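Line order of the protein sequences matches chains G and W.
Under the numbering used here, the first residue of the first sequence carries the number 71, and numbering increases by one thereafter.
Under the numbering used here, the first residue of the second sequence carries the number 46, and numbering increases by one thereafter.
Rather than coming from a laboratory, the hints here were simulated on the basis of the structure.
It cannot be assumed that every hint is accurate.
Said to hold, decoys possible - Restricting the straight-line Cα-Cα distance to at most 30 Å, the calculated cross-link-like pairs of lysine-lysine (BS3-like) are:
#, chain 1, residue 1, chain 2, residue 2
1, W, Lys268, G, Lys94
2, G, Lys427, W, Lys48
3, G, Lys528, G, Lys450
4, W, Lys236, G, Lys456
5, W, Lys318, G, Lys371
6, G, Lys277, G, Lys267
7, W, Lys345, G, Lys345
8, G, Lys526, W, Lys345
9, W, Lys318, G, Lys456
10, W, Lys345, G, Lys371
11, G, Lys456, W, Lys315
12, G, Lys277, W, Lys236
13, W, Lys236, G, Lys89
14, W, Lys268, G, Lys89
15, G, Lys340, W, Lys48
16, G, Lys436, W, Lys236
17, G, Lys345, G, Lys540
18, G, Lys486, G, Lys540
19, W, Lys345, W, Lys318
20, G, Lys436, W, Lys318
The structure displayed is predicted, hence computed values, not measured ones.
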Amino acid sequence: MAKDILTKPKAFYDNFHRKPDQNKQDTHYCPGCGHGILHKMIAEAIDDFEIADRTIMISPVGCSVFVYYYFDTGNLQVAHGRAPAVATGYKRTHPEAIVISYQGDGDLAAIGGNNILQAANRGENITFFFVNNAIYGMTGGQMAPTTLLGQKTMTSPYGRKAEREGYPMRVLELLSSLEAPTYLERVALTDAKHLMKARAAVRKAIKTQIDGKGFSLIEVLSACPSGWRMTPTDAVAWISEKMEKTFPVGVYKDVIKDRKPNTWTRMLEKVPFEKYHEILELTGEPMEIEADMSSVLDIYKNPEILIAGFGGQGVLLLGQFLAEAGMRHCWNSSWIPSYGPEMRGGTANCHVKISEKRIGSPIVAKPSILIAMNLPSLDKFEPLLKPGGLLIYNTTMISRAPSRNDIEILPIPATKMADQLESLRVANMVVAGAIQEKTKLFDEIILKDCLNTVVKHKNFIPLNLQAIDKGKEYVENFGK
Amino acid sequence: MAKELIKGNEAVIKGALLAGCDAFYGYPITPASEIAHAAAKYFPLAGKPFLQAESEIAAIQMCYGASGGGSRVMTASSGPGLSLKMEGISYSCGSELPIVIVDIMRGGPGLGNIAPEQSDYNQIVKGGGHGNYKVLVLAPNSAQEMCDLTMLAFHLADKYRNPVVVLTDGFTGQMMEPVEFPYPNPGDFKKHHWAAMATPETRDSIINSIYLDPYELQEHNEKLQKKYAEMEKNEVRFEEYMIADAEVVGISYGTVSRVMFTAVDVARNKGIKAGMLRPITLFPFPKDKLIELANFDRVKAFLVSEMSNGQMVDDVRLATHFKKPIYFFGTMGGVVPQVEQLAQEFEKIIKT
Chain G
71 MAKDILTKPK
81 AFYDNFHRKP
91 DQNKQDTHYC
101 PGCGHGILHK
111 MIAEAIDDFE
121 IADRTIMISP
131 VGCSVFVYYY
141 FDTGNLQVAH
151 GRAPAVATGY
161 KRTHPEAIVI
171 SYQGDGDLAA
181 IGGNNILQAA
191 NRGENITFFF
201 VNNAIYGMTG
211 GQMAPTTLLG
221 QKTMTSPYGR
231 KAEREGYPMR
241 VLELLSSLEA
251 PTYLERVALT
261 DAKHLMKARA
271 AVRKAIKTQI
281 DGKGFSLIEV
291 LSACPSGWRM
301 TPTDAVAWIS
311 EKMEKTFPVG
321 VYKDVIKDRK
331 PNTWTRMLEK
341 VPFEKYHEIL
351 ELTGEPMEIE
361 ADMSSVLDIY
371 KNPEILIAGF
381 GGQGVLLLGQ
391 FLAEAGMRHC
401 WNSSWIPSYG
411 PEMRGGTANC
421 HVKISEKRIG
431 SPIVAKPSIL
441 IAMNLPSLDK
451 FEPLLKPGGL
461 LIYNTTMISR
471 APSRNDIEIL
481 PIPATKMADQ
491 LESLRVANMV
501 VAGAIQEKTK
511 LFDEIILKDC
521 LNTVVKHKNF
531 IPLNLQAIDK
541 GKEYVENFGK
Chain W
46 MAKELIKGNE
56 AVIKGALLAG
66 CDAFYGYPIT
76 PASEIAHAAA
86 KYFPLAGKPF
96 LQAESEIAAI
106 QMCYGASGGG
116 SRVMTASSGP
126 GLSLKMEGIS
136 YSCGSELPIV
146 IVDIMRGGPG
156 LGNIAPEQSD
166 YNQIVKGGGH
176 GNYKVLVLAP
186 NSAQEMCDLT
196 MLAFHLADKY
206 RNPVVVLTDG
216 FTGQMMEPVE
226 FPYPNPGDFK
236 KHHWAAMATP
246 ETRDSIINSI
256 YLDPYELQEH
266 NEKLQKKYAE
276 MEKNEVRFEE
286 YMIADAEVVG
296 ISYGTVSRVM
306 FTAVDVARNK
316 GIKAGMLRPI
326 TLFPFPKDKL
336 IELANFDRVK
346 AFLVSEMSNG
356 QMVDDVRLAT
366 HFKKPIYFFG
376 TMGGVVPQVE
386 QLAQEFEKII
396 KT
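In isolation and in its complexed conformation, chain G is listed as follows (with noise of 0.2 Å):
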């Protein structure tokens, strides 16, 4: 190594003042070790592009977590297997950045498996070099997902079989599968003639980056004399004569020339600040007026209101219209629904309050007013209402009568009035409109004015004008 050192690329540091121990000047890796070898072609290319300001090294857990003693980059250090995710994370908000991943077996294949297929099946516009050694070198020697058969090591003592530990793993044959990487290839660090690919294949992996052309992985098989208790001369030997035959070297994929440049950069367009009140909403100046609920019965002041029926029947949206329009009189309001799975069929429910005083629990135990949309919303809820409390009811929903003679009860054919005006899905708005006319809470303008914030679809908004009118006279009718 003394020899490389002499002619080290600029992108190394010239003296390796992170290194804590006394020797600034040679590596931490063990002799015979391929982690040198491939840090020199990766800053050799580095400065051959002369990418090394805008170049990010990403070092997990491994040998090679101290890459950021001898880059002379941006460095991030990161837990083990996550480099691809801390990767994504940078590269997506630092587009420009040249983003180098560099993980060893046990981090890339075992706890980081599902972050890089996951990253190179998004295809991100990273390069990854991932250092296939067939053993877990810096905890002691311990078995790799791409730990050979018959290989011992310090947890596989008597050999690793397929039987109890499955087959070392192939995992450029796995991301070849993938539609979205753009190059992938295996080399290895033997001989002068693979060192030559092994360089080129460094390089290329480096320029699909900096094209913008997507995902690029080098598996590089690569010696641990140490790991594997041999000399350097045997491991290089032992790569050739063994690991080749598992993992053969060679192009696994190559679309680069079909890939257009940039493809995947996600070049961000930064928005003004000036314009994020009108791209969060928040431009629009809806009709509101300072009211008081001084004219209105003591019984309907501060409502808390529970609305209950079938998914479907707009409970939930009806509990958010009258909130909303609880707050556009400048009162508090609050809406609480039953979320979940059981909102996706089955029933729903919302808890609203409308007060003058500030609100403290948001929950509805006792109702001053119920809706009771369905007949099992009627049984569970009608027990819970305050005494004196006002009980609407749809009718062409629920057969029976209320049981309690201590309440108000208003009951009302909704979903048939809504039917009237051929649209089922207006039922909740005809209560909103038999509410309206028996509480008088609301002024009328603005609560219909509501309707632009929660209905959805504008060309709808007449429907539900309509289904609150139908609701009021109904109530107006109501015992005449």
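Got chain G; can you put chain W on it based on the hints?
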């Protein structure tokens, strides 16, 4: 200011963008998914990346990457997701990376359910990951605070180079309330000299949590502890309600603090001098305020209520040095304490 009736979960994202958040990386989970939905909708409109990660683990690590590059970044999840994110949180604390993490707590342990619980308190406030780390924890109890405290979280994360967790329960996430959104303050968006931004000026930057030498790692840890002490000095936030003459003080956060608020009113109507202290920061915890209250003769007892087996109550015990009796009312599994129950507890305490 612009006012909107909006879900707490959605207010988080609008607040985040107004606070200059540059990227959102997340994974869907009920009851936090609306945060990801809103991010998916609004981040691209602002020309900023949204990405659905392959896992909770990947989502927090993507945040690690973006933050290491000096970007304001966030993720959001619920309990089971936070358990997975612990690796990334520990690394982010070690590497001193500002990241905003929103946790909309649900019922546990295990898959539990999606109803609101507050049982992530220990894993978030005490630290569920490895190492001597702390995160700042903000506890909103309204949709407005979901916006405001998310914005504050970005500010504090940058100020201390540390992850900040916005911790609340499913109800606060799902509830709609009026929220007033402020205008963005471009002055708040500074780039960080320490970040590795892929520029010539930051070429020497390194984001790192490995210190091989024990003395060096001890020094690093001591530096972190100093930072946490600064947070304890500067960032304690709480709300008081009817506390000036209170004889029994209720303590709760998140949705339960809303119930406690009403319960105080109910108790007061019965002539009981109840009050409430609501921690807004769970770390740092309002210890000084609590010992001050415990030292008043008029304060007879504390009533802690949480949707958990009693996780915050330990912090109240430590803060008050057991000077006054501490009563605990907890619910679990997604059951929310009721106003009447807490009001009765106040009554019972005063009668004993």
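Verification of the hints:
1. With a C-alpha separation of about 26 Å, the suggested pair Lys268(W) and Lys94(G) falls inside the 30 Å cut-off, and the hint holds.
2. For the given pair, Lys427(G) sits about 18 Å from Lys48(W) by alpha-carbon distance, which is consistent with the 30 Å threshold.
3. Note on Lys528(G) and Lys450(G): the hinted pairing is violated, with a Cα-Cα distance of about 35 Å set against a maximum of 30 Å.
4. Proximity of Lys236(W) to Lys456(G) is assessed by CA-CA distance (about 57 Å); at most 30 Å being required, the pair is judged violated.
5. A distance of roughly 27 Å separates the Cα atoms of Lys318(W) and Lys371(G); the hinted pair therefore holds under the 30 Å criterion.
6. A hinted pair counts as satisfied when its Cα atoms are at most 30 Å apart, and Lys277(G) with Lys267(G) qualifies at roughly 15 Å.
7. Simply put, Lys345(W) and Lys345(G) have alpha-carbon atoms about 54 Å apart, too far for the 30 Å limit, and the pair is violated.
8. For the hint linking Lys526(G) to Lys345(W), the alpha-carbon distance of about 54 Å lies beyond 30 Å, and the restraint is violated.
9. Taking the CA atoms of Lys318(W) and Lys456(G), the gap is about 26 Å. The hint holds against a cut of 30 Å.
10. Distance hint between Lys345(W) and Lys371(G) is unfulfilled; the C-alpha atoms sit about 36 Å from each other, more than 30 Å.
11. For the proposed pair Lys456(G) and Lys315(W), the alpha carbon gap of about 20 Å is at most 30 Å, so the pair holds.
12. Of the supplied pair hints, the one linking Lys277(G) and Lys236(W) holds, its CA atoms being roughly 29 Å apart against a limit of 30 Å.
13. With a C-alpha separation of about 28 Å, the suggested pairing of Lys236(W) with Lys89(G) holds against the 30 Å cut-off.
14. The suggested pairing of Lys268(W) with Lys89(G) holds, with an alpha-carbon distance near 21 Å, which does not exceed 30 Å.
15. Taking the CA atoms of Lys340(G) and Lys48(W), the gap is near 25 Å; set against the 30 Å cutoff, the hint holds.
16. Between the alpha carbons of Lys436(G) and Lys236(W) the distance comes to roughly 52 Å, so the proposed pair goes past 30 Å and is violated.
17. Between Lys345(G) and Lys540(G) the alpha-carbon distance is near 41 Å, which puts this suggested pair outside the 30 Å criterion.
18. About 11 Å separates the Cα atoms of Lys486(G) and Lys540(G), which keeps this hinted pair within 30 Å; it holds.
19. Restraint check for Lys345(W) and Lys318(W): satisfied, since their Cα atoms lie roughly 10 Å apart, inside the 30 Å limit.
20. At roughly 25 Å between alpha-carbon atoms, Lys436(G) and Lys318(W) fall within 30 Å of each other, so this suggested pair holds.
Consistency with the previously given hints fails for numbers 3, 4, 7, 8, 10, 16 and 17, ordered from lowest to highest.
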